[in-house]
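2 protein chains.
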Amino acid sequence: MSTKYVYMFSEGNGTMRELLGGKGANLAEMTNLGMPVPQGFIITTEACTRYYEDNETIAPEIEAEIFEYLKKLEKITGKIFGDPENPLLVSVRSGSRASMPGMMDTILNLGLNDEVVEGIAKLTDNPRFAYDSYRRFIQMFSDVVMEVPKSSFEQFIDKVKADKGVTEDLELDADDMKRLVGMFKAYFKEMKGFDFPTEPKDQLFEAVKAVFRSWNNQRAIAYRRMNDIPSSWGTAVNIQAMVYGNMGVTSGTGVAFTRNPSTGENKLYGEFLMNAQGEDVVAGVRTPNTIDQLKEIMPDVYDQFVDIAQKLENHYRDMQDMEFTIENGKLYMLQTRNGKRTVHAALKIAVDLVNEKMCTREEAILKVEPKQLDTLLHPQFDTVALKKAKPIAKGLPASPGAACGKVCFSAEAAIVAAKTGNKVILTRLETSPEDIEGMAASEGILTVRGGMTSHAAVVARGMGTCCVAGCGEIMMHEAAGYFMIGDIKISEGDYISLDGSTGNIYLGQIPTVDASVSGDFGTFMSWADEIRTLNVRANADTPRDAEHAVKLGAEGIGLCRTEHMFFDADRIPAVRQMIMAKSEEKRRAALDKLLPMQREDFEGIFKAMGGRPVTIRLLDPPLHEFLPQEDDDIRSLAAEMDISYEELRETVEALHEFNPMLGHRGVRLAVTYPEIAEMQARAIIEAAINVKKETGLEIVPEIMIPLAGEKKELKYVKDFVTATADKVIAESDVELEYLVGTMIELPRAALTADDLAKEAEFFSFGTNDLTQMTFGFSRDDSAKFLESYYIKKIFETDPFARIDQTGVGRLVEMACTLGRQTRPDIKLGICGEHGGDPASVEFCHNVGLDYVSCSPFRVPIARLAAAQARVREIMEICRIHNIPRIPL
Amino acid sequence: MSTKYVYMFSEGNGTMRELLGGKGANLAEMTNLGMPVPQGFIITTEACTRYYEDNETIAPEIEAEIFEYLKKLEKITGKIFGDPENPLLVSVRSGSRASMPGMMDTILNLGLNDEVVEGIAKLTDNPRFAYDSYRRFIQMFSDVVMEVPKSSFEQFIDKVKADKGVTEDLELDADDMKRLVGMFKAYFKEMKGFDFPTEPKDQLFEAVKAVFRSWNNQRAIAYRRMNDIPSSWGTAVNIQAMVYGNMGVTSGTGVAFTRNPSTGENKLYGEFLMNAQGEDVVAGVRTPNTIDQLKEIMPDVYDQFVDIAQKLENHYRDMQDMEFTIENGKLYMLQTRNGKRTVHAALKIAVDLVNEKMCTREEAILKVEPKQLDTLLHPQFDTVALKKAKPIAKGLPASPGAACGKVCFSAEAAIVAAKTGNKVILTRLETSPEDIEGMAASEGILTVRGGMTSHAAVVARGMGTCCVAGCGEIMMHEAAGYFMIGDIKISEGDYISLDGSTGNIYLGQIPTVDASVSGDFGTFMSWADEIRTLNVRANADTPRDAEHAVKLGAEGIGLCRTEHMFFDADRIPAVRQMIMAKSEEKRRAALDKLLPMQREDFEGIFKAMGGRPVTIRLLDPPLHEFLPQEDDDIRSLAAEMDISYEELRETVEALHEFNPMLGHRGVRLAVTYPEIAEMQARAIIEAAINVKKETGLEIVPEIMIPLAGEKKELKYVKDFVTATADKVIAESDVELEYLVGTMIELPRAALTADDLAKEAEFFSFGTNDLTQMTFGFSRDDSAKFLESYYIKKIFETDPFARIDQTGVGRLVEMACTLGRQTRPDIKLGICGEHGGDPASVEFCHNVGLDYVSCSPFRVPIARLAAAQARVREIMEICRIHNIPRIPL
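From first to last, the protein sequence lines are chains V and P.
Its first residue numbered 1, the first sequence is counted upward by one per residue in this note's numbering.
Its first residue numbered 1, the second sequence is counted upward by one per residue in this note's numbering.
A hint or two may mislead.
[As the list claims (entries may be wrong)] For the chain P half of the interface with chain V, some residues (derived, Cβ under 10 Å), not all of them:
id, residue
1, Asn126
2, Pro127
3, Arg128
4, Phe156
5, Val160
6, Tyr223
7, Arg225
8, Glu412
9, Ala413
10, Glu657
11, Gly666
12, Asp755
13, Lys758
14, Ser778
15, Ala801
16, Asp804
[Said to hold, decoys possible] Calculated pairs, DMTMM-like style, for lysine to aspartate or glutamate (alpha carbon to alpha carbon, straight line, at most 20 Å):
id, chain 1, residue 1, chain 2, residue 2
17, P, Lys161, P, Glu147
18, V, Lys72, V, Glu85
19, P, Lys712, V, Asp228
20, P, Lys551, P, Glu530
21, V, Lys712, P, Glu530
22, V, Lys715, P, Glu787
23, V, Lys161, V, Asp280
24, P, Lys4, P, Asp83
25, V, Lys793, P, Glu675
26, P, Lys792, V, Glu675
27, V, Lys551, V, Asp520
28, P, Lys712, V, Glu787
These are computed hints drawn from the structure, not numbers from a lab.
Being a predicted model, the structure only gives us computed values, none of them experimental.
Glycine is no exception: its CB is placed at the ideal position from the N, C-alpha and C atoms.
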């Protein structure tokens, strides 16, 4: 049987979103529910896919099928497409599986030409309506099909109004409209070089192709990338018989929500305009009426609409966003869909629907987009003030929230400015570990280079600080104390504002408001926690971060980066002494200075975590990160350390690496200098013993050796760790358990995970590095060329933000399987940036990890994503067993 | 049944090398053949493994077993260990599976003490012999068991000789020897703080442990690493009843080869000394007799020995290296093994053995070590001159051969010096692509940084130029025109000599000789070619390299790096214009200049290859490699290009990458600038058409897109390549086939090879990069820390030199399987450095690749290694079917 590419509304239903798109499936469903829907047909998403396979042409058999269905529609409506005596006009709308702004808009009144318009005028006895519809059609068709912007026609409307001395559209009469049609057509010909198409079938065909084309316009691609929608889905096209809200005073059109989309209040919310077509409602030319006012104007229609709205909400068990038209006093439903809403509304609606017994907690869990929670946890710009502001540039939205402050070009300046009570935006080419304190002192961070997982972005997210990264439009003139964005000069000390959720940069100060968390948030998250089976930990390096993480619901620390402690101003001298040490003895002397500091950190963290598991990673970064790179800095540090410039310079050069990411770091450091691992193991175990003694908490530290790729190297370092740990425990008067594990961040680690599991009691997937190695992409460099990859549709998502299931994911699965083969009870977690990405969290749930770990601010997101993954799993089980929905 | 750790010689046989070691297995075999072998027993390699498992102790049950076998030996010999009346003395020797210098040497006469020596003196009526044996034993035992160097005893021998006024050892009598024993024992006590062990069982035990220990001494580890011997093998210990060559004038000892190990001549070759023990023959104190002279001295013994030698050679079907002792006129065989030989001898012997019908061609193929062929193809130092020279430093033997010349510090200086007739050694911190011409002009290359696969090493091997890389002992003072090695100052213009096969660096000029290839080489290689099933191609970038490769037996080009052509002085300006171009139009203009040059190169290569397949890789390196990095160079280039310094500086900075290895290179360049791929595709296809027209050769170019990790990126670039190629072909008047494929160099490429194979008609494994990504090691940086890995026995081989079968190999196998799933006839090859490594070639044969590709000079090695892999495969099939050997 050949593929069916076209469906009448009556042939489909609400479950056919994939094939018919969301809009089409819902029109079919409403038809099935007996609601007043103008009839029509749907060209499927498969036809769109086929269109691209056929090099952007519509195959003859699909063309034939479309016209066959057009005939059916003519039969149902009793009207004929293109017949001036009894003309059928249609609307053409795109409709993909997920709602997608950026795609082709609606074309109304398609099928009009000079003859048909006269027919309409006669039939309706309303020439003004007929010509108004015609001029609208020419405008819309030109805009979305022929790339002649809609706005370029406005000049003619202005001219006609001026000639006539009026100001309102409604003051124009039939002749004026007719004059406009003439002007529009002439303008069209001038712009395109050919006449406006008069054959209705050509119009229909061009419109269908325009919908298909719009699936791949830049805006749609960008939207899909941001929202993880695959380009393979395609869009459907909805062809629907026209009804008219502009037929006179008993006609109108409107949109409404079953609940308030801003607040979630359970009350019909909407707007309408009498004697208007859909576009007028949103255009803002006339002030619309609120939906309540319909009750007064047309009480029957209002009652009917309220009834339909309630039915639809009950039917879909979610807040609905509906479009309707009233033609000569008769109500028509043009669309319904689950309505978009603010996060506050989303939480309230989810909780209310459960309380109203409209849906189960499991279903409610799916009604909030995890990423939306982000805005709950960070300050935001005051919305009124923001509307007035105009961004001067845009970078990557690297860490959410809003910030405004004075531009500082160095970490030192930022610290000084913050101490004197200033709010600071640290602005740098890129940040490095030396900038940590300056970053912590800043309200926001702005960098010229680097991607979503650059140092600045990762650290800022960890701190919950707003960050806009990789804004290439900035030309730094740091030495001269300013930077340029286009022609705008911003000097050190000037105020700028950053929106870390959009990447926008603004001149001057935009006031921010603290986010408020409603009581629904707590209720909702408690349901999520009950449902999910995947644990959520946080990446936290300090007691402060740890406390914060616990408040946000973290069940442990999945990654404590010990090197972050090394950058503290009072510690880095000892770290540098260690690096400069020419013998193991001197190195040990320097490490002895670090021991009490590290122990104290760990004590603080163990206390803050109150017995929850804590995974501590041994020193990871290449040592050169602890030394200055610039000549002046080397000179001053040498003086400070009381060594010669040459000696320090030589060490810096000796530590130089061509590809530090592939260099002397992770477990490799401990292989060369086992005494570092010994000191850290001692600090961890002593801290655990001390806290256990002091608080009575059962503490089981998890010591993590990073970057292992070979069992023997893991064993070599582990032997030092366990020897030290066992000795410290034996010398104490308490018993203490501890685990030693490794990170899986190299492809070879995943490939030999069975072997590594002989030594490792747990695996933590470091999917940042694993992604770098698997793709051969440096996260610091790839942003530059990945842009072409998105534009050229090679990649649809950033593999550093969303785990690449095909490649990296396969290694993760392989490592899980191999690891469990050797050690069935091996603990498995993930601590890369992906731990806070909802799609990646779902992947982690599905491969059976024990936990995900992410920056504290992302913990609620991960908790919700984990619950959603579990719900989807249950739904899949229900589906397999033919259970229609998760039981109430 | 418990493991058996000890075997009498009569319990073993020649096939038990794994368990008994080579020496033990051969002693057992000779015993079985009825040859006169002093009896003894063997402690197995498994006992050695057990020794390490038990923390370097000998388990009680093994101890018991050893003494049980000592009893058996006493029964066979009728002598008692430690009994002064009728003492059994033994030799203790190590014996691993493969012959391994660096392990513990022989200890003779073990079992002697003050009482036993007197018994021997009485029994033999030869006190001088008895005390000579005793003092030798003390020396040897102290040296190899107690770490008191043998040479430190020589002072006492000198003193006794001086006291007596004689110069020869033989002039010392029994009392002198007795005096020496006393002096030796006193010295031992002084050095060690305890008495020399007098209990024979203690002596035996300490000796056995010393053998086991020696398995893991630094020299042994280094040797294993160089020769790919796994540390898990362990060594056996051979305990053998002593026979004495030093018992008087009818006693003697010697070594002999069944054929000449230098020339391969089929004539018994050896040396012996009468009244001596083994060590005297090699010590060079007395001049030994040639084996022929034995015929005159003891004709019966000679005849018996010749007969045994012939039997052994026939039995082992290979040239034998034998040790023998004559005790009071009776011949004893102490050892036989396949003899080491020069490559010339190896080739002659292999060919002769086949001609003599001693072995099959298949067996002969295994008798030449592939790596040995290397010396045939490069100039070598004159051996006499080399013996006198002393290396001043040692680097990595990065590219074989010998070179001497004047030190030059820059490529420019090297070119100038070479043009004026000087031989040059280019000496640099590290080389970069800009140095290519200077490298080509040099006799040898010396670098301070970088490993076996650094730029210098890879390029030098490709050129066949001698290279010593990564000599960290060098302190460069380039600006001042000299470098230091320790206290030695070498100025620009001074002569130095490099041995690229050992890594040795010499001061001054050592004369070199061109290698001569005997006729046997051709015969032997033709057999290898008949036997092997794996094809061998070469990596070649120029017509000259291509011609050379064909001469060395290459069957195609597996990797033609187009970027090497870009570095030519007359081309790089256009390349730089392309990089600086601000628009596609300008970029195309620059590319248009490159087109005819590239086409001409390809024409030359196609002609040189005479229709053999040629795989051409599209532009691969990051663009910054084509621009200078130093400020001065940027300034002068800017002037040259007539652009501002700032503009060029800005481009250089924009192209800067933190990890260029993981940056904007390979297919990613072509995604950003498809016009580069278009130009290259055009150049390739036009060249193929031109050469086909001119010569009539059937040319099927293989166009290779590097570094793909995702099907869509491959397809994106492939579409430009095929569109261009098809257009060029259509516009011509000839038909031309071509292939488009990709490299598998990213883990993700291997993991998604089924997908990639939908677009790729061939895969070429770029195992350099694949190793980098799989291990997370940069080849430029890892040499520094990998040294610790070898010392700590974490790694036994350099994964960049020998393919890591566990990790990287698994990805290769996976990609082969997945690739064939999609495209059963997909062409599979390897073009990484591993293509010239024999062990890796065997791996490639086993996973079923179609070809390996390596630098031209390694082609003969790869051809032989491929043949050997095939022979081993046949042998394994024979083994499974119980066929004892490959039929003649």
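Per the CB criterion, is alanine 413 of chain P less than 10 Å away from chain V?
Alanine 413 of chain P check fails; min Cβ-Cβ to chain V is 23 Å, beyond 10 Å.
Interface restraint verdict for aspartate 755 of chain P against chain V (beta-carbon cut-off 10 Å)
Holds, about 8 Å.
Restraint satisfaction for glutamate 412 of chain P [CB to CB of chain V, less than 10 Å]
Nearest chain V Cβ about 23 Å off; hint violated.
Taking only the CA atoms, is the gap from lysine 793 of chain V to glutamate 675 of chain P under or equal to 20 Å?
Given pair lysine 793 of chain V, glutamate 675 of chain P holds - Cα atoms ~18 Å apart, limit 20 Å.
Check whether the Cα positions of lysine 792 of chain P and glutamate 675 of chain V lie no farther apart than 20 Å.
holds, 15 Å
Using Cβ atoms only, decide whether lysine 758 of chain P comes closer than 10 Å to chain V, and label the hint accordingly.
violated, 14 Å
The hint names arginine 225 of chain P as touching chain V; please verify it with the least Cβ-Cβ distance against 10 Å.
violated, 14 Å
Check the hint pairing lysine 72 of chain V with glutamate 85 of chain V against an upper bound of 20 Å on the C-alpha distance.
Given that 20 Å is the threshold and the Cα spacing comes to 19 Å, the pair holds.
Can you confirm whether the C-alpha distance between lysine 712 of chain P and glutamate 787 of chain V stays at or below 20 Å?
holds, 15 Å
For the hint on aspartate 804 of chain P, just tell me whether its beta-carbon gets within less than 10 Å of chain V.
holds, 8 Å
Hint check: is the beta carbon of asparagine 126 of chain P less than 10 Å from a beta carbon of chain V?
Cβ of asparagine 126 of chain P sits 54 Å from chain V, so the hint is violated.
Glutamate 657 of chain P as chain V interface residue, shortest Cβ-Cβ below 10 Å:
With a closest approach of 4 Å, the glutamate 657 of chain P hint holds.
Against the hints set out earlier in the document, violations occur for numbers 1, 2, 3, 4, 5, 6, 7, 8, 9, 13, 15, 17, 21, 24.
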